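S.K.: Sequence:
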Amino acid sequence: MKRLIVIIISIIGTITLSCIKEYETSIDFCVKNASGHDVSLFVSKSDIEFGHITDTILAIPNEAEFVYNHSEKGKGSGEYVFPFGFHSDSACITFDDGLRLIYLREDIVPRNILHKESYIGGKVSERHGLYHYQYTYTITEADYINAEK
Numbered sequence: 000m001k002r003l004i005v006i007i008i009s010i011i012g013t014i015t016l017s018c019i020k021e022y023e024t025s026i027d028f029c030v031k032n033a034s035g036h037d038v039s040l041f042v043s044k045s046d047i048e049f050g051h052i053t054d055t056i057l058a059i060p061n062e063a064e065f066v067y068n069h070s071e072k073g074k075g076s077g078e079y080v081f082p083f084g085f086h087s088d089s090a091c092i093t094f095d096d097g098l099r100l101i102y103l104r105e106d107i108v109p110r111n112i113l114h115k116e117s118y119i120g121g122k123v124s125e126r127h128g129l130y131h132y133q134y135t136y137t138i139t140e141a142d143y144i145n146a147e148k
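Here numbering that gives the first Met the number 0 is used: the first residue of the sequence shown is 0, the next is one more, and so on.
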C-alpha cells in the first residue's frame, strides 16, 4: 500500500512539474541602410555579442542590413525593449562623408535608434510558449539630410 501511495504521489508530481510552462522569446532586430551612403554604426555598451557588454562598431554598406537576435527563456513572455541591450546608452551613425547622427538613450527624439518605438515590426508568431518578434530600423536619405558634421 505504501508503495502504491509513493507511485501515485510521484505521478502527480511529474504531471504537476510538466504543466509548468516555460516560455521563450526570440527577437530579431534589423538595421537596414537605405540612405544612399555607406555608414558605420557605433553603439556604446551594447550587449549584442553573446551577452558581453562592449562598445560595438558595425559597418553597414548602402543597401545592406545587419540583423541580430536576442533570445531569453523564462516563465513570462516579456518582450525585450532595448534594441542594443539594457546598458547601451548612446549611438552614432556616421555616413561615408563624415556627417553624423548622435543618439542618447535619454533623448526623446524621433527616430532614436536606441528606442524600440523607432523600429517597425512586432510579434510575428506565437506557438506553444515560443514568441517570435521582428523589428526593423531603416537608415534613410532623410537621416543623411539631417546629419551634421
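If you're looking for bench data, these hints aren't it; they were derived computationally from the structure.
Wrong hints could be hidden among the right ones.
Keeping only pairs whose Cα atoms sit at most 25 angstroms apart, straight-line, the calculated DSS-like set for lysine-lysine is [unchecked claim]:
no.: 1; residue 1: Lys122; residue 2: Lys31
no.: 2; residue 1: Lys72; residue 2: Lys148
no.: 3; residue 1: Lys115; residue 2: Lys72
no.: 4; residue 1: Lys44; residue 2: Lys148
no.: 5; residue 1: Lys72; residue 2: Lys122
no.: 6; residue 1: Lys31; residue 2: Lys115
no.: 7; residue 1: Lys148; residue 2: Lys31
no.: 8; residue 1: Lys44; residue 2: Lys72
no.: 9; residue 1: Lys31; residue 2: Lys44
Cβ-Cβ distance ranges computed for the label pairs, FRET-style [claimed, not checked]:
no.: 10; residue 1: Val80; residue 2: Ile56; range: 19 to 25 angstroms
no.: 11; residue 1: Ile119; residue 2: Asp96; range: 34 to 40 angstroms
no.: 12; residue 1: Ala33; residue 2: Gly73; range: 16 to 22 angstroms
no.: 13; residue 1: Glu105; residue 2: Asp37; range: 25 to 31 angstroms
no.: 14; residue 1: Asp95; residue 2: His131; range: 21 to 27 angstroms
no.: 15; residue 1: Asn61; residue 2: His127; range: 15 to 21 angstroms
no.: 16; residue 1: Thr53; residue 2: Tyr22; range: 25 to 31 angstroms
no.: 17; residue 1: Glu125; residue 2: Lys148; range: 44 to 50 angstroms
no.: 18; residue 1: Ala33; residue 2: Gly97; range: 17 to 23 angstroms
no.: 19; residue 1: Asp37; residue 2: Phe81; range: 42 to 48 angstroms
no.: 20; residue 1: Asn145; residue 2: Gly120; range: 39 to 45 angstroms
no.: 21; residue 1: His51; residue 2: Asp95; range: 26 to 32 angstroms
no.: 22; residue 1: Ile56; residue 2: Phe85; range: 35 to 41 angstroms
no.: 23; residue 1: His127; residue 2: Ala63; range: 30 to 36 angstroms
Predicted, not measured: the structure shown is a model, and the values here were computed from it.
Cβ coordinates follow ideal geometry from the N, Cα and C atoms, glycine included.
S.K.: Any hints from earlier that this structure breaks? Give me their numbers in increasing order, please.
M.R.: As far as the earlier hints go, 2, 11, 12, 14, 15, 19, 20, 22 are violated by this structure, in ascending order.
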